[in-house]
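Enquirer: One-letter residues, chain by chain:
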Amino acid sequence: MTAQRTGLITKISGNMVTAQFDSPVMQNEVAYILHGKERLKSEIIRVRGNLAEMQVYEDTGSLKVGEEVEFTGELLSVELGPGMLGQIFDGLQNPLPELASRCGFFLKRGIYIDPLPESKEWNFSPLVRPGDMVRAGDAVGFVEEKLFRHSCMVPFSWEGIFRVESVAEPGGYTKRQPVARLVDEKGSTHPVFLSQIWPVKIPIKAYREKLKPTEPLVTKMRLIDSLFPVARGGTYCIPGPFGAGKTVLQQLISRHADADVVVIAACGERAGEVVETIKTFPTLIDPRTDRPLSDRTVIICNTSSMPVAARESSVYTAVTIAEYFRQMGLNVLLLADSTSRWAQAMREMSGRLEEIPGEEAFPAYLESHIASFYERAGVVRLNNGTTGSVTIGGAVSPAGGNFEEPVTQATLKVVGAFHGLSRSRSDARRYPAIDPLISWSKYRSIIDETQRMRGREILRKGNDVSQMMKVVGEEGTSLSDYIEYLKAEFFDSVYLQQNAFDPVDEATPQERQIYVFDFIYYILDSEFSFSTKDEALHFFQQLRQIFRGWNSAAWKSDEFVRTEQEIRGLLQERMVKGTHA
Amino acid sequence: MHKYYSKITQIAGDVITVEAEDVGNMELAQVITGRGTSLAQVIRLDGKKVFLQVFAGSRGISTGDRVRFLGHPMRVSTGDSLLGRIFNGSGMPLDRGPELTDDLVDIGGPPVNPVKRIIPDKMIRTGIPMIDVFNSLVESQKLPVFSIAGEPYNELLARIAIQAEVDIIILGGMGLKYDDYLFFRDTLEEHGALSRSIVFMHTAADPIVECLLVPDISLAVAEHFALSGRRVLVLLTDMSNFCDALKVISITMEQIPSNRGYPGDLYSQLASRYEKAVDFDTAGSITILAATTMPGDDVTHPIPDNTGYITEGQFYLKNGVIEPFGSLSRLKQQVNGKTRDDHRTIMDTMIQLFAEYRETLEKQAMGFQMSPWDQKLLKYGKIFEEKMMSLGVNIPLERALDLGWEILSDCFSPEETGIKRSMIDTHWPKTHESEIIPG
Chain A
1 MTAQRTGLIT KISGNMVTAQ FDSPVMQNEV AYILHGKERL KSEIIRVRGN LAEMQVYEDT
61 GSLKVGEEVE FTGELLSVEL GPGMLGQIFD GLQNPLPELA SRCGFFLKRG IYIDPLPESK
121 EWNFSPLVRP GDMVRAGDAV GFVEEKLFRH SCMVPFSWEG IFRVESVAEP GGYTKRQPVA
181 RLVDEKGSTH PVFLSQIWPV KIPIKAYREK LKPTEPLVTK MRLIDSLFPV ARGGTYCIPG
241 PFGAGKTVLQ QLISRHADAD VVVIAACGER AGEVVETIKT FPTLIDPRTD RPLSDRTVII
301 CNTSSMPVAA RESSVYTAVT IAEYFRQMGL NVLLLADSTS RWAQAMREMS GRLEEIPGEE
361 AFPAYLESHI ASFYERAGVV RLNNGTTGSV TIGGAVSPAG GNFEEPVTQA TLKVVGAFHG
421 LSRSRSDARR YPAIDPLISW SKYRSIIDET QRMRGREILR KGNDVSQMMK VVGEEGTSLS
481 DYIEYLKAEF FDSVYLQQNA FDPVDEATPQ ERQIYVFDFI YYILDSEFSF STKDEALHFF
541 QQLRQIFRGW NSAAWKSDEF VRTEQEIRGL LQERMVKGTH A
Chain B
1 MHKYYSKITQ IAGDVITVEA EDVGNMELAQ VITGRGTSLA QVIRLDGKKV FLQVFAGSRG
61 ISTGDRVRFL GHPMRVSTGD SLLGRIFNGS GMPLDRGPEL TDDLVDIGGP PVNPVKRIIP
121 DKMIRTGIPM IDVFNSLVES QKLPVFSIAG EPYNELLARI AIQAEVDIII LGGMGLKYDD
181 YLFFRDTLEE HGALSRSIVF MHTAADPIVE CLLVPDISLA VAEHFALSGR RVLVLLTDMS
241 NFCDALKVIS ITMEQIPSNR GYPGDLYSQL ASRYEKAVDF DTAGSITILA ATTMPGDDVT
301 HPIPDNTGYI TEGQFYLKNG VIEPFGSLSR LKQQVNGKTR DDHRTIMDTM IQLFAEYRET
361 LEKQAMGFQM SPWDQKLLKY GKIFEEKMMS LGVNIPLERA LDLGWEILSD CFSPEETGIK
421 RSMIDTHWPK THESEIIPG
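Just so you know, the sequences run in chain order A and B. According to the numbering used here, the stretch in the first sequence is residues 1 to 581, in order. According to the numbering used here, the stretch in the second sequence is residues 1 to 439, in order.
No wet-lab data here; the hints were simulated from the structure. Note that the coordinates shown come from a computational prediction; the quantities given were computed from them, not determined experimentally. Heads up, some of the hints might be wrong.
To give an idea of the interface, some chain A residues facing chain B are shown, with a C-beta separation under 10 angstroms as derived from the structure [stated by the list, open to error]: (1) T18; (2) D22; (3) V65; (4) P199; (5) P203; (6) E269; (7) S340; (8) G351; (9) I356; (10) I438; (11) D534; (12) R544.
Backbone N, C-alpha and C define an ideal beta-carbon position, used for all residues, glycine too.
Next up, chain B with everything else stripped away, as it sits in the complex:
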């Protein structure tokens, strides 16, 4: 049925051109070389010329090798038999388990109809106050962790994966160091989370085209589970490697680059992946947490910049802590109104005061005299950093809110906080009431 074509007319980068007929756009093909068989995908058609990106890379492909078109797009096996398994970017097992061919679904499927989505309203508790109190994570949210090389972003993702209340975890690794891969595998295993996890792993040593497949393959599997009512958390790390792979392919294809060599459709490419995060009406949900390392710690770099416009907020991981400024969960308002009535007040007040503390620090660094108000802020800032910001803190939300009031009353009088009086009356710790200066 499937004909072999052997007229390879061009090999450039990981893209080969073969002359063939009756080939569908985005169709899958096999390239049979002397060293084995690799999958490849059609990315452009021009008359008889078929452009294929070869998953295993073009190294070793000869112009006399044969290509066979499979007549269908890239597919992946789904279902419970994947749980606990580890695959590469093409969906081949990495864990000595059997290859899976059941329940195949196309990857990169159509977008969800917006009217079939529901407003997300379920908080995912993590035990990290900088997330739970200040930027709550919400089911179906897509959130990147903006960071730089060397920061513990993989550790943070792993910790959230273990502590988060979800049914299934799918880890998509792109261009990871082999040690990082082992770290994830071992951490999930140690905490007994591997049995509800599926891993698609592309390491830095693997062919670059496979890196491009990881988000699609992870999300296609996630979507299948979500449609059957499961709550899925997808962890993608590191999306910057994915973007760089896009850049490589688009330059190979001689597309006109827009910013810093990245293709003009970088935004759409990222969006079509991130937008798979969803809370289905009458079914499950997909939540996406993605690590994005910012080249040169520059948030205006095209990768974090385009990502930020797509995702529903971002966490900045800097100096080992989640930075309160810039970090934002856009969906937090959907959930933090029904946790406790003082949640928003604590959130806003503590951050505003912390901003003032940062200004005072600047003044202090420049050698200015510290006013009594500055002294108060300095005391507050230090306690806040120790008791709230440190990633070592692991307490439930309610305890964190109580702690917030304790810290405020320890450092300020009620009117200095700017909190509405009705809120002060009900929540200000009573032991400090005597300190209130009559207005």
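In isolation and in its complexed conformation, chain A is listed as follows:
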């Protein structure tokens, strides 16, 4: 950089500060406001004449007109490298535990800490030899980090082919020591370090091609996996009114989903929920790896009382970190809770900029921003032929629980699956409160398609009958319709509903889902003989009770086998012979 470029504050309004400048400035470059000993990070979001309008990532209290601003010439970036797994960052990638040990209970403004530990030594093993040809994204070696071999990659921003001049011997290295030297086509040498810097608002594209998401991502939530599946590299959204259980659902998925790395972006939501994740994940053991869940988790946390501008950046920070792990051939799941808060942060800034408001005062570029965020998901084929994926699941908090509002609508246009939560289901304590009548998915399920369609059909039929019963009453409903209704209710209560507080029922693996769904399909397709509706009701109530016990019996345990036999016995009594072999 040449001479330090500076400006002077002329206006302060909320978290927006305007500075006057003389030398050139760049859109979206990071600037620091110098306030006494404090340096407050901000980003230029609009330039008009010789005035730069900046969003400040900190509280702006006590700032004064006339104070100096320092422009850095860099876009808002994150540092990517070993040391992120298990870490808790704020929206600007400050490690919160370090911040706590330095500042105590409160988040002091203007303190920025190195995201990755400076002096920690990582055990490096080379993967290339001098003379090898590499390009951006190729691994020159790896370090052992928790569950993985963490690849040390050629910086994603480097263009062209490089020849490896030298590579470090196996051994301990810090992030400041080069582990390889590469020579570019023009003959100049560049060092490669364990970590690299990447601007958050630009997608990482150091891969060969983007593929179509086809493989299911098993979340162990029956309603999702069986009826409205999510694919690896796909996107889905969970809109729902408050209290419908969005966050609980996201938390369950973050625990049980079949992903290598889970990045959680707690964006503008309650601090308490993040705390739960922070405190419980180190003690929960991931059955796939036998290691604590925190080992595969990165948390980006900008809770609702933290500065609004950093809320906007937290989503980008999270997706950039997710893309980084994808570059290593890992399957990453990014959970953003909630994208509405991110949209609101955009709205707040847009309002301060006095832009002409769109619908509900959201800025006109809302849709394109949402779309480009979800488009960063995907399965990619890397340079070495392996694949990696980023799956994005975004919670949406529609104002008034009304799905017609702009954020939900903009999101629905770009996602591959929609899990709509409904207040009526959560009021009736039917969890997860995903409404099977409005939800959809474009991805392939783990359940056989014929069976899946039958499941959805019975739910629709049951709903029709129940609507009709509200008009004509139970007595006006035929026995066969009534049985269909009971079947739908049965399917809902023993399969779609899942008890998040039952250690077995809270997560159902793929194998068990296929087995149980097949059994339920058999029940749904069977004919029963009842003489009265009351008899039918009583039978299904009984069946439901035993089935619930079955749900909390461990897979293939004695109790599981015994309960299954009991259910089969009960079915035999009532089933019309010959409907099923």
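Starting from the known structure of chain A, fit chain B onto it as the hints suggest.
Expert: What follows is chain B alone, placed relative to chain A:
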């Protein structure tokens, strides 16, 4: 040291603009008028123009009046000497006691680092079954009471304040009727709770800017106590008045409104207050209960809607009872697993059956024939409303759970309740065993 500025160039609403230099954002100032001195706070800086919101309102301010900047943000005195005292929204005494200037802390301080919070796990017992059994209140929780004008939400808050096991109660009143203020004061006094209480009171007759300060000032004091290891319960009533005050100021400042005239940052404004609820690692806690009246009983109105997304659940107070549907304590799962093993079962089962009872009521209202199952539900619903829902009921949690089993066994056979058999075996009242129909 502090210079006087006298160039007031604009007076709009309760916001005045004065030309001054070297003024910090959010700094406090004094406006000296012919009728006295009022505090004011900087809310925007634009070149030499300083925008001030005047706590006492702009009425009577002349363009020739003087403004003096104090060089620090709004502060409030803290400590045990506040106990038993009553102040207004600017922190001035309302009870003829002395003005306090010791241990000043800034209001609206920085947020708590999430890693210094702990998972809340202490239940606050209230003796109200609809709370204790169905939606347990947890220390450090932030919960609004959604209600409409005319409902006894202040009575409910007062009752919880008196019965709850906490060290200190801070009451922040916003836009309250004077009678309501007296009601709170007298109730706390009668039950001997005033000596552990601090009241910051803004009544409907007071200037609107002071209303904006009440949550911040209450929570700053609460935070100070919590850091010294005390368990504090903050009662805020009515937060809708706070939101309306925000609306007034933002429109005065010519900000672009988002929904129904409320500012686009309503969510962040509310969140920065509610998020002060905390259980500190190695110190005390703050629990917030806030009354929010829903304009037109509409939960999708921006105030209850934004509140609901921030708080950890909500209580709906409707027709004088806490409505089981919609009411939710998000933190209840942290505590109701260790009270008694049947707590969750009773909670889930009774509510599911009550939902069915409500459906049956609808059917009945439409004149449909009632099946034997409907008859059972009708009987159950009535008993439930009488013995559980009524706010008059005041029993400990364990008694309420026993009562739950009694009501269930009185109305249903075990399999009709859908309860797991292992739970039935241990808890179903024995006297009714003969009624079990063999499956």
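Enquirer: All the hints need checking, so say for each whether the structure fits it.
Expert: Consistency of the hints with the structure:
Taking 10 angstroms as the C-beta cut-off, the interface hint given for T18(A) holds, the closest approach to chain B being about 8 angstroms. Among the interface hints, the one on D22(A) is violated; its C-beta lies about 17 angstroms from the nearest C-beta in chain B, farther than the 10 angstroms criterion. The closest approach between the C-beta of V65(A) and any C-beta of chain B is roughly 5 angstroms, which is under the 10 angstroms cut-off, so the hint is satisfied. With its C-beta approaching chain B no nearer than about 26 angstroms, P199(A) sits outside the 10 angstroms limit, and its interface hint is violated.
The closest approach between the C-beta of P203(A) and any C-beta of chain B is roughly 28 angstroms, which is over the 10 angstroms cut-off, so the hint fails. A cut of 10 angstroms between beta carbons decides the hint on E269(A): the least distance to chain B is about 8 angstroms, and the hint holds. Residue-level restraint check for S340(A) holds (minimum Cβ-Cβ distance to chain B is 8 angstroms; threshold 10 angstroms). Because the closest C-beta pair between G351(A) and chain B is about 5 angstroms apart, less than 10 angstroms, the hint holds.
With a cut of 10 angstroms, the hint placing I356(A) at the interface with chain B holds, because the nearest CB-to-CB distance is about 9 angstroms. At its closest, the beta carbon of I438(A) sits 18 angstroms from a beta carbon of chain B; the interface hint therefore is violated under the 10 angstroms criterion. Interface hint status for D534(A): upheld, as the beta-carbon distance to the closest one in chain B is roughly 6 angstroms, under 10 angstroms. The beta carbon of R544(A) is positioned within 10 angstroms of a beta carbon in chain B (closest approach about 6 angstroms), and the interface hint is therefore held.
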